[in-house]
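S.K.: Last residue of the sequence shown: 132 in numbering that gives the first Met the number 0, with the numbers rising by one and none dropped.
It should be emphasised that the hints constitute simulated quantities derived from the structure, not laboratory data. No residue lacks a Cβ here, since even glycine has one placed at the ideal position from N, Cα and C. Keep in mind that the hints are not guaranteed to be accurate.
What the hints assert, rightly or not - Label-pair restraints from in silico Cβ distances:
id : residue 1 : residue 2 : range
1  : 122       : 95        : 58 to 66 angstroms
2  : 78        : 112       : 44 to 52 angstroms
3  : 114       : 83        : 42 to 50 angstroms
4  : 73        : 43        : 43 to 51 angstroms
5  : 72        : 45        : 37 to 45 angstroms
6  : 99        : 122       : 58 to 66 angstroms
7  : 33        : 62        : 52 to 60 angstroms
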Amino acid sequence: MFANTSKAHAPAKAAQPPQSGTGRPVGMASLRTDLEMARHEIASLRQERDTLKDLVRRNLGQQLDQVGTGELVARVNELTGQLNELKAEKDLWMREKNDLQEKLAEAVEDLAGARISLRQMVRAASTGSGTTL
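Make the full structure from the sequences, and use the hints.
M.R.: Structure, rendered in structure tokens:
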């Protein structure tokens with residue numbers, strides 16, 4: 000029976016003006032002041048939230064840039080190593096090419112000498128065979 004009485008008094012309490020902690024009614028000026036203070040606090044909190052969001056965004060961007068930079072540095076180092084290997088390989092091939100060119104020059108000289116010797120032998124054979132006939 001008494002349980003329903005608190006529900007019955009709820010609309011009556013809602014119709015009464017708000018009261019301070021001392022039990023006295025709160026005035027409209029006090030409510031307006033509280034409302035204005037709450038608005039300023041909300042604006043301050045929103046600004047703080049935006050500042051923190053920007054800070055987190057910048058820090059995350061820097062971290063992503065650093066990760067990207069680290070990967071780029073690793074890639075540059077890898078490519079530099081490959082470049083050095085290719086230069087060493089090129090130098091090796093250049094030395095081998097020079098050796099082969101020297102051998103070719105020697106072979107050309109030997110061929111020229113062999114041709115001269117062959118001509119001399121052909122002349123000697125033709126002059127020697129022509130006199131005996």
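S.K.: Each hint needs a verdict: does it hold in this structure or not?
M.R.: So, going through the hints one by one against the coordinates:
1. Residue 122 and residue 95 have their C-beta atoms about 41 angstroms apart, which leaves the hinted 58 to 66 angstroms range violated.
2. A hinted range of 44 to 52 angstroms holds for the C-beta pair residue 78 and residue 112, which are about 50 angstroms apart.
3. About 47 angstroms separates the C-beta atoms of residue 114 and residue 83, a value consistent with the hinted range of 42 to 50 angstroms.
4. With their beta carbons about 45 angstroms apart, residue 73 and residue 43 fall inside the hinted range of 43 to 51 angstroms.
5. For residue 72 and residue 45, the Cβ-Cβ distance of about 40 angstroms falls inside the hinted range of 37 to 45 angstroms, so the restraint holds.
6. A hinted range of 58 to 66 angstroms for the beta carbons of residue 99 and residue 122 is inconsistent with their spacing of about 34 angstroms.
7. Taking the beta carbon of each, residue 33 and residue 62 are about 43 angstroms apart, not inside 52 to 60 angstroms as hinted.
This entry does not satisfy hints 1, 6, 7, going by the numbered hints stated previously.
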